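Student: So you can see what is in the structure, the chains are spelled out below.
2 protein chains.
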Amino acid sequence: MIAREFATPGYALADVDTPALIVDLDALDANIARMAAFARAAGLRLRPHAKSHKCPAIAQRQVAAGAVGICCQKTDEAAAFVAAGIRDVLVTNEVVAPQKLARLALLARDARIGVLCDNATVVDAIAHAARDAGVVLDVYVEVDVGAHRCGVAPGAPAAALAQRIAATAGLRFAGLHCYQGSAQHLPTPDERRRAIAAAAVDVSATRDACTARGLDAGIVTGAGTGTFELEAASGLWQELQPGSYVFMDAHYARNTRAGDGLAFVQSLYVIAQVMSVPTAERAVCDAGLKALAFDSGLPLVSARPGVTYAKASDEHGVLDVTPGAGIALGDKLRLVPGHCDPTVNLYDRLVAVRGERVEDVWPIARGTLG
Amino acid sequence: MIAREFATPGYALADVDTPALIVDLDALDANIARMAAFARAAGLRLRPHAKSHKCPAIAQRQVAAGAVGICCQKTDEAAAFVAAGIRDVLVTNEVVAPQKLARLALLARDARIGVLCDNATVVDAIAHAARDAGVVLDVYVEVDVGAHRCGVAPGAPAAALAQRIAATAGLRFAGLHCYQGSAQHLPTPDERRRAIAAAAVDVSATRDACTARGLDAGIVTGAGTGTFELEAASGLWQELQPGSYVFMDAHYARNTRAGDGLAFVQSLYVIAQVMSVPTAERAVCDAGLKALAFDSGLPLVSARPGVTYAKASDEHGVLDVTPGAGIALGDKLRLVPGHCDPTVNLYDRLVAVRGERVEDVWPIARGTLG
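So the protein lines, in turn, are chains A and B.
Here my numbering is used: the first residue of the first sequence is 1, the next is one more, and so on.
Here my numbering is used: the first residue of the second sequence is 1, the next is one more, and so on.
Since the hints were made in silico from the structure, they are not lab data.
None of the values given here were measured: they were computed from a predicted structure.
Just so it is clear, CB atoms sit at the ideal spot from N, CA and C, and this is done for glycine as well.
Certain hints may be false.
Not everything, but these chain A residues come out facing chain B in the computed CB check (under 10 angstroms) [as the list claims (entries may be wrong)]:
id, residue
1, VAL135
2, ARG149
3, PRO305
4, THR308
5, ASP314
Isolated chain A, as found in the complex (with noise of 0.2 angstroms):
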């Protein structure tokens, strides 16, 4: 097969192939020192939520920024991070495949390494992977806070599996993973405040509940990019877990965080390139269903006025140019994705940009196994 060019470091953006996943990197660092301030200043844990990226380099980075370690949601990429020497990781998912406890479990030789539990069924499997491989796991239960996914209900039923886990041989109880993640994405501060309050309740409860029954709760993990801060200030988290702050995306720039002080911005984009012109108010990019997620709404065209991306197909992106806009055949767009983790999930690299040239190229651990 012919080699494919691709994007090389110092390579111009504007020579790299589309369309092509790129992180500014100025735009990058800012938001990973912002949030890393923000923990800091709260005397919070940070554990930021690498599903977002699921890339080794920037998980680096956020530890390097004083996070204790990160999240992600699939044994395949708790694999990946610790191989890139990452030494803290919680898988935030239930895991119940005993080829996929097998494979945490070797993992914790080397790292220390978290998984969620919400079923009592499930502890003994996990316990059986883990003294196979003669490690111990942490085990967070986790609790249903109102996003109503996975999770056992709050109070004395969440109480009574953190029991069982604390009682059984090669898991450690750990704590509680509380995240309220239908709350991310509700438009307004009010509704989130009112989501978190409500989760607050049961955080509490659940607290409560363990002390009962003479069980230290251990730490109280979770919160997003659209919350974070309420979790903070309740005084009942120990632990945040936000992993959009790193990119952004359009969903979070028109509708959750649109407004808000705490200003991320914008790193993650998808370089397209104009590959028709039919009319003077119509052009076609080459970024469609296969380069973006539209799960959560169309992209954003980033600093192009008069141009709107309005309709994806397989291959196909096609955009609203009003008449004077000037989009030529050939134009570069930098397209800001709908949502960014399922987009990055697309792409097997990142290319890393500072200003207009490529600094590095960074694989991207997307496999689709659990």
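Position chain B relative to chain A; hints supplied.
Tutor: Positioned in the frame of chain A, the structure of chain B alone reads:
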């Protein structure tokens, strides 16, 4: 990094780690044979669209069944198919970047390579690449027959572009690309019939305009899984480009082809595992936005009455469960993707199964470059 277990030939499907993309080989072979028989009976060339599968192993099966070659959408895909021995590849897209045109032209040393054009200013760039590589490229004029995406207007403008291509050294004017993409997804047979009837008027006008300039219009190529019988019946198209028929998906099942006589069967599935059963009415599986495409709606749960895929987040699929449906932790589900093409693009490998056994594991040429 610890090696990940994955399917290998001989594996039981039940042991394949999740989420995994699988194709049922009996269903795939039946679909390939059925479309080949249709084209043969209609006396038409079949050039299946390989953007759906990006899988050289499937392209080889299609060619073995009588296809003249394949279509694809990107230079990188073309390179993967040529490397796999496909000797006739048409990139059904505009290509404008010089580095992409150079790669495409080099492929023409090993295969017949075609590309689309909808703008006179690109003709010289394509010719330049062809002459640099010492090859001749097939160039088709993309005619906008109603989809209003790329394409030059039908009739005289298309014929003028065809004439310019025909007069350019290094290029062979090969025909008219007349694909009505938006007709594929119209919900009723009558709407699809009207859309293709309108496209046929455009094809006729363009052929007449070519004739008026003393130019043979060449091969009229187009059509998709949603409409191919209509293009065939018109007598105006000589070549059919259906892609999705090899796999099918939930969108085709519930919309475009529901109730049609020509029954292709579902061959593509994502296998997911239930990792949490928080309540009697809710379960959560491990296939979400990063394991399935959602642009054309939610996936269907195959052969599990009372279990419905209700909501996705990055790595979670929330299932509504009718009490009594008997869902249990660890259950494996067969999900029918909402849209086959972008779902395949999320995976590096396609697990080919016959019954309950893995017969092969095929690489997917899923690069995101153009």
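Student: Now, for every hint given, state plainly whether the structure supports it.
Tutor: Verification of the supplied hints:
1. Checking A:VAL135 against chain B: minimum C-beta separation of about 13 angstroms lies over 10 angstroms; hint violated.
2. Satisfaction of the interface hint for A:ARG149 is found here, the shortest Cβ-Cβ separation to chain B being roughly 6 angstroms, below the 10 angstroms cut-off.
3. Given hint, A:PRO305 at the interface with chain B, is violated; its Cβ is 23 angstroms from that chain's nearest Cβ, farther than 10 angstroms.
4. Checking A:THR308 against chain B: minimum C-beta separation of about 15 angstroms lies over 10 angstroms; hint violated.
5. Interface hint status for A:ASP314: upheld, as the beta-carbon distance to the closest one in chain B is roughly 5 angstroms, under 10 angstroms.
When each numbered hint is compared with the structure, violations occur for hints 1, 3, 4.
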